[in-house]
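In case you want the letters, here they are:
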Amino acid sequence: MRIGIDVGGTNTDAVLLGDDDSVLAAVKSPTTSDVSSGITASLGALQDQRAFDPAGVKAVMIGTTHFINALVEARRLAPTAALRLGLPATAALPPMVDWPQRLVEAVSGRSYLAHGGHEFDGRTISELDPDELRRHAADMAAHGVRSVAITSVFSPVNTEFELRAAEVLAEELPDVAISLSHQIGRIGLLERENATIVNAALRELASDIVGGLFAAVAGAGIDAPIYLSQNDGTLMDVEHARRYPVSTFASGPTNSMRGAAVLSGVTTCAVVDVGGTTSDVGVLTRGFPREATTEVSVAGIRTNFRMPDVLSIGIGGGSLVRGAGSSATVGPDSVGYRLTERALVFGGDTLTATDIAVAAGRADIGDRARVAHLDKELVAAALARIAADVADAVDRMRTSSQPLPVVAVGGGSVLLPEHLPGSGEVLRPENFAVANAIGAAIAQVGGEVDRVFTIEPGRRGDVLEAARAEAVERAISNGAVPSSVEVLEIDEVPLPYLPGGATRIRVKAVGDLSLTARSSVDLREPLPVGSRA
Amino acid sequence: MSAATAPRQLREVGLAEVRAISRGAAVLGTGGGGDPHIGALMAAAAIRAYGPVALTPLAELPDDAVVLPVAMMGAPTVMVEKIPSADQVGRAVEALTRHLGLGVTHVACIEAGGVNSLVPVAAAAELGLPLVDGDGMGRAFPELQQVLLTLTGVRATPMSVVDEKGNCAVLDTVDNRWAERLARSVTIDMGCSAMISNYAMDGAAARRGLVPGTLSLAASLGDLLEPGAAGDDPAAAVAEHLGGRVLARAKVIDVERRTTTGFARGTAVLEGSGCDVGRTLTIDFQNENLLVRDRPADRDDDGERVIATAPDLICLLDTATGAAITTEQLRFGHRVSVIVAPCDPRWRSPEGLALAGPSAFGYPDDAVLLEGVSA
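So the sequence lines, in the order shown, correspond to chains A and B.
Position one of the first sequence corresponds to residue 1 (UniProt numbering), numbered consecutively onward.
Position one of the second sequence corresponds to residue 1 (UniProt numbering), numbered consecutively onward.
Hint data in this document are derived by calculation from the structure and do not stem from the laboratory.
Hints may contain errors.
Computed footprint of chain A on chain B; a stretch qualifies when at least three of its residues, placed anywhere within it, have a C-beta under 8 Å from a C-beta of chain A [to be verified]:
| # | region |
| --- | --- |
| 1 | 78 to 84 |
| 2 | 197 to 206 |
| 3 | 345 to 354 |
Counterexamples of contact, computed for chain B against chain A with all Cβ distances above 10 Å [said to hold, decoys possible]:
| # | residue |
| --- | --- |
| 4 | R98 |
| 5 | A122 |
| 6 | R293 |
| 7 | R305 |
| 8 | Q329 |
Values in this document were obtained by computation on a predicted structure and should not be read as measured data.
By construction, the Cβ of each residue, glycine as well, lies at the ideal position given by its N, Cα and C atoms.
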């Protein structure tokens, strides 16, 4: 048995899955401000719904929006220093130059520039200067810094300086948490550095939350490893989560999409999640969401986290319907959470998409008599509008001209027709209300390579093979069953205006989590707060 | 043309203008030129430190002005990782000034498309000098000699190439192609992102050889692309503003990229949509978009013809927002409007076409330029 829990902003959903992935129990309860009591309540509710032996639980997987919410609300952020290695390069734009002032203050952000850094081809920009680092460390200590983000120029090409600087800082500041940029982001110094600073600022909170998760799971008598969902849908062990809380930022939508795929039995598909105000469309390839290729702004900070590529359009159950007859329009404005007072079927005075669905007989919500008078032409036109807009969004998200099945989830999915123009049948899985918890419980781990390689003429095949092997090796060291590991994607982008075949290669390998052999870290041992990569 | 799109002559570049130029320069980058974002951050940081930059219209430039263009050379992909040092941009200008033994009076822009639209703003702010409202191309091109100044007889050298470490090379070459070749080698050794100053000229030569008003143009394009400013059809508004036209509304159905000699070469295949259903367009790019082929609905493969080429501006804009799409961002499913806009008339001369037409990029095709534009 496995337990999947998704801690959302409003609800905490939990499922108990059998070894054959069947849903044995599924519960929904309100999210609590302290993580542990909400988890305890969910585990209790599962036990109530279907009694199980805690000793039979092999793993607990948790997805949480706690960390991204902490950043958005600028609460419980640790006093953080950004240490950048690259002088004399990069001084034109110091760390946090593009941050909202409010968040700089929330992390008590301090910036330090030091020598170090590499060129694109691995040469050194300048040597690391340990004395300079010690002087910076003394200043950090004097200013009460409790977490440090280290970013070295081209660390995705060469990690050496970040690792060495971390050693120097750890000697000087043994109680300070250290985050390294090459573990977090990709090429693009400011964006990677921003993500690393955000990560550093969340380290103390991460430690508390992970401690709370341990306590809640142990309190339910479960002695099984705990994993957290990452943005890409793979799992990380709790020690990794302690060090890299940013890896959870987009786990909510990812788990929702992956759960929808499991429930529908279709792993390569578009998932349309129709909410009250928007419909979010994402694409899964073999069960994993496609990632956004552009920079992502989080709470006003430009970063290059790996986030799922989601297209939102302004169509939801609360969307306003306007116009008459065949010229009906739907959205993008919505009555939102006030649907139950403002929609016609609930006795309100506003014509919404939900009213249209009820009038068309696609849903039975509220008082059907209140929409009986609606013009049939208007109803048909509004539904056609919705179908066309959603079909268009799905079509935009496709990556090839191959047909792509559509899985619809969310309370507003009744708005969608049985067939979408250009896409075919719309699948509506049962149990979609707990799709996110099911998505969390999918037990897969990944390994990734993302670096700039120099490809000499005729050596392309060898370079790609080496990158593949490295990604597979990483997946195995993260706990994947070796025989289950497969390479999910290979992306090869020649870097423009660069000589010598410089090519950025990304390889992602994924395998099933080994639930018998523990991963490299023994998860039951308490871990020091400031432990480092 | 609505009031919002009326041409305006900027007299000063402050923080708001930097944002607008950044959006507009992405359009003038015709798919390449590097993301202006990092240039915008540098320009904004310099303006916050030193104050706004005065912009001098080309026509007001005195004959005896000493004008020094400044730009980044190398890979924009590197520049977003190895950000320049604090004084690197200014040092490029100072190094050339020292070598020339002349007092510089104005900074200029060599390439209005992409990241190099805003590097000179950072330099001008730092040095406390006015910036000329114009540039050497009226768009983006990959190589240093591909400027109108080559046609009007201005030498690229002496030129400075400076890195962030304090190294400075001053080149003196027999012609502008050699300047490209040697400066490229130096730039690669410097880690593929260097600051350069070249094409030193007096005010009279600048008036002859620069494209006037292109920074103002970039800013007005940027204003046009302010969300909500351009109405339902921002791409059409951009095309109109540039005196060009929309070639097609389409969806990207295939992007093929090839690994060759450090250039992002490739081909994008677009399927017409809306009133262009049935057409198939093929865009050839090498960093910038260079060639558009069209196969109308009722023709087979043999019916394909070239409908636009460099040096005219071929831009792919997001149909919904009008935002420029770079060749690196192109992917299946993108809804784009393909627009073509006329290049500066001087590019249309036989010499101009030899320097920046299809043959300069290795295509056998003749240049196909927008008609109804005076050469």
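| said: Taking 8 Å as the Cβ threshold, is the statement that the region 78 to 84 of chain B is covered by chain A upheld or broken by the three-residue rule? | reply: This one holds; 6 residues, not fewer than the three required, reach chain A with a Cβ under 8 Å.
| Against chain A, does R293/B keep a CB gap of more than 10 Å to every residue? | 19 Å, holds
| request: Classify the label on R305/B as holds or violated, using whether its beta-carbon is more than 10 Å from each beta-carbon of chain A. | output: 24 Å, holds
| said: Cut-off 8 Å, C-beta pairs, minimum 3 residues; does the coverage of the region 345 to 354 of chain B by chain A stand? | reply: violated (count 0)
| said: Just want to verify: Q329/B was marked as not at the interface with chain A; is every Cβ pair farther apart than 10 Å? | reply: Given that some Cβ of chain A is not farther than 10 Å from that of Q329/B, nearest at about 7 Å, it is violated.
| Per the stated criterion, does the least C-beta distance between R98/B and chain A lie above 10 Å, as a non-interface residue requires? | Non-interface label on R98/B holds, nearest chain A Cβ at 20 Å vs cutoff 10 Å.
| Within the region 197 to 206 of chain B, is the number of residues with a Cβ closer than 8 Å to a Cβ of chain A three or more? | violated (count 0)
| task | Would you check whether the claim that A122/B is not at the interface survives, using Cβ distances to chain A and the 10 Å cut-off? | result | 8 Å, violated
In the structure shown, a violation is registered for the earlier hints numbered 2, 3, 5, 8, in ascending order.
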